[in-house]
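Can you build the whole structure from these sequences, using the hints too?
Protein chains: 2
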Amino acid sequence: MNKAPYAARHEELKARKLNLNMMRGIPSKAQLELSRGLLTCLGDDDYLSEAGADCRNYGILDGLPEMKRIFADILDLTPGEIVVGGNSSLALMFDNVASNMSRGVREDLPWAAQGHVKFLCPSPGYDRHFTVCDYFHIEMIPIEMTDTGPDMDEVERLVSSDPLIKGIWCVPVFSNPTGIIYSDETVRRFANLKPAAHDFRIYWDNAYVIHQLTGEKRQIPNIVRECAKAGNPHMPMVFTSFSKVSFPGAAVTCIASSAENCEYIKKRLTAQTIGPDKLRQLMHVRFFGGAEGVYKHMQKHADILRPKFELIEETLRRELSGLDGCSWTTPEGGYFVSFDTPDGCAKRVAALCSEAGVAFTPAGATFPGGNDPRDRNIRIAPTFPPLEELKVALDVFCNAVLLAAAER
Amino acid sequence: MNKAPYAARHEELKARKLNLNMMRGIPSKAQLELSRGLLTCLGDDDYLSEAGADCRNYGILDGLPEMKRIFADILDLTPGEIVVGGNSSLALMFDNVASNMSRGVREDLPWAAQGHVKFLCPSPGYDRHFTVCDYFHIEMIPIEMTDTGPDMDEVERLVSSDPLIKGIWCVPVFSNPTGIIYSDETVRRFANLKPAAHDFRIYWDNAYVIHQLTGEKRQIPNIVRECAKAGNPHMPMVFTSFSKVSFPGAAVTCIASSAENCEYIKKRLTAQTIGPDKLRQLMHVRFFGGAEGVYKHMQKHADILRPKFELIEETLRRELSGLDGCSWTTPEGGYFVSFDTPDGCAKRVAALCSEAGVAFTPAGATFPGGNDPRDRNIRIAPTFPPLEELKVALDVFCNAVLLAAAER
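Here the protein sequences come in this chain order: A and B.
1 is the number of the first residue of the first sequence in the working numbering; add one for each residue after it.
1 is the number of the first residue of the second sequence in the working numbering; add one for each residue after it.
Hints are computed from structural coordinates only; laboratory data are not their basis.
Treat each hint with caution, since some may be false.
Said to hold, decoys possible - Chain B is faced by these chain A residues, among others (derived, beta-carbon under 8 Å): (1) CYS55; (2) ASN57; (3) ALA91.
Stated by the list, open to error - Covered by chain B, per the in silico footprint, the following chain A stretches (three or more residues, Cβ under 8 Å): (4) 13-27; (5) 32-38; (6) 81-89; (7) 132-139; (8) 244-255; (9) 260-272; (10) 278-285.
Backbone N, C-alpha and C define an ideal beta-carbon position, used for all residues, glycine too.
Spelled out as structure tokens, the structure:
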């Protein structure tokens, strides 16, 4: 493979002095415009909840019932299994891990008091999940991702044998970054885990549960129901968010779990806070009306995002299908495409892109500790740039992959 | 003292089947109406920060610079000494204690790893501060409150001698519940503490910093500046909130400390959250304009609250000034009047009020563990009920005090 033409093209691209950012899964301006009415949908005299509570004042620690109902409908649960949170579902996850570390699961022995605890980290995965573990000095054990979810043989083997394994990070629908959907079998095997730790928890980050690019909402078995059936009713902690539905800068989030777990969360909340931003909740209730309104709204997001994912698939196929050892995902939803370069090329590809003014998520970030053992995974985050910019960024990216491969 | 007339009056009051709530420091509906325009002050196309950031999207972890500036002006600090938080300043305090317990002050040895740590708790004080300690199993040492602040001889003695004393709760302006203002000397003695623990922190809950009932903002020496002068630059953690300025159900809060401490907080934030609700911040910036706008707004609150505090003073003086062993505060701001019954009567007074349908903060709540050693303190929270209801509640209260005293 002759690197000369790719090197020459790379110099051309560098000369264009681009400045494009494909690092994070950020909604584009066009997507934000979809929720324009959200900012003005609460009139001056619209502050009463359906039960007559003045949402401007204190109280209602676990969220407005009408907001709970929307989350419950989306997650196919009941309002009693929902606690509404603030702007960031990551904050809910962090806080739940913090709570388990310092006060223990359901006020049992704190994780931190049990020794050197560990989490399973299906990889490639979401870097911010790993950051939470890092922060609490939780050891991360990478688990290979497959097209149907994490390698469940390995998950079952580890979870059942090591009582210091306390959790696993999952993005079950349109996984970050691969975009795959956990198979029904994967979900059921999760529900039927026999953890050596009685205080093992599944962190089920359902961030993209309604973020399909085409067609209907993707249904997978309900982890809360499946766990209950399997005799593990308190094992799953489910999270979701309106960050990529309405505004990342003014969203509502929730944590969902067994009603009993929700009671424990509420007990912590009574010490932890004076209450949530209820007007932000009411605003979402008014703007979306209910889950049906949310689903309709998500179709508009899909209409904006679909061409971007199609452009990626089209470009990669055209430019790279002849190149041995590289592959990529073709997700039906979510915010990312996961790309594998030939082994040992990811860091070089990212560096070349950076030279040419296109920033990607740092190579390795999708693995615990930033350590991609085969140095091959790159997360493509196409949502933020307009289509025209994405096109240019993909040109830079494909040429970088070809050049890096040729250099080897 | 003949109890018969008070007992008879108590029966009369009971027969009225009242249902009045004087338990918490909650703004009244009339106060909430002052911020009516807040809900609609952001137009559809008003989402850009002064630096041009789209507040609807991700980013700006530590808050909008223009929001920081308002807090900085109110607290007489610089924006670099401010980190903006969400709806609840209690949540910021809880999180800061949680962080110090599990990760240590400035990433030093975690408090929880150092043994059985303790906080000093000036009492009577704010029950929710005590709840935070309770939650983390932090031992609480009551400190007597005086008219000029906590008993500083005792604070100095304990803080300088016990390295397991890690913090103290302070409400320096219009203290909860006594309404007193720390004297200049008290503030300076705080700043000049020589803690045995290098990781001792002053939790300076400046919730009522601009909540005066009359006249100008009450200035006390700036704890951050005084601590820096005294060589303790990182010792104070200051908190304040718009909960009782705009809406408790849609407020903005902040934590303020040395710029270095703020960097540590930001570092935690990068693991902890994807970002704050920036539209809520922008809304406050637009509605208030700046600190001057906030001060003007607080005058309107004062106009609503002043008659309530005057009614308390007037009623208590008329009904109870003849009764030996009882006393009360006459605050110039804040949300409470602290009332001391004759020793051993507070629980009985609260029970009598409750029988007559008037709920007060439980007797004892203003002391750690709910343990008021002289069983005499009751917090009167007059802000929520309209003046007419307050009048009735005070009738019930005064008669209950007289009856309880007569019973002894």
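Quick one: see if chain B covers the stretch 81-89 of chain A, three-plus residues with Cβ-Cβ under 8 Å. Check passed, 4 qualifying residues.
Apply the coverage criterion to the stretch 278-285 of chain A and chain B: a residue qualifies when its Cβ sits closer than 8 Å to a Cβ of the chain, and three qualifying residues are needed. Per the Cβ count (3), the hint holds.
Are there three or more residues in the stretch 260-272 of chain A whose C-beta lies within less than 8 Å of some C-beta in chain B? Holds, because 4 residues of the stretch 260-272 of chain A bring their Cβ atoms closer than 8 Å to Cβ atoms of chain B.
Report holds or violated for the interface hint on CYS55 of chain A, using the least CB-CB distance to chain B and a cut-off of 8 Å. holds (5 Å)
ALA91 of chain A as chain B interface residue, shortest Cβ-Cβ below 8 Å: The hint holds - ALA91 of chain A has a Cβ within 8 Å of chain B, the shortest such distance being about 4 Å.
Mind taking a look at whether chain B covers the stretch 13-27 of chain A? Criterion is 3 or more residues with CB to CB distance under 8 Å. holds (count 3)
At a Cβ distance under 8 Å, does chain B reach at least three residues of the stretch 244-255 of chain A? holds (count 5)
Closer than 8 Å between Cβ atoms is the bar; does ASN57 of chain A clear it against chain B? Give me holds or violated. Where the cut-off is 8 Å and the nearest Cβ of chain B is about 5 Å from ASN57 of chain A, the hint holds.
Annotated coverage of the stretch 132-139 of chain A by chain B, confirmed only when three residues or more have a Cβ within 8 Å: holds (count 4)
When I compare C-beta atoms, does the stretch 32-38 of chain A have three or more residues closer than 8 Å to chain B? holds (count 4)
Hint compliance for this structure: no hint is broken.
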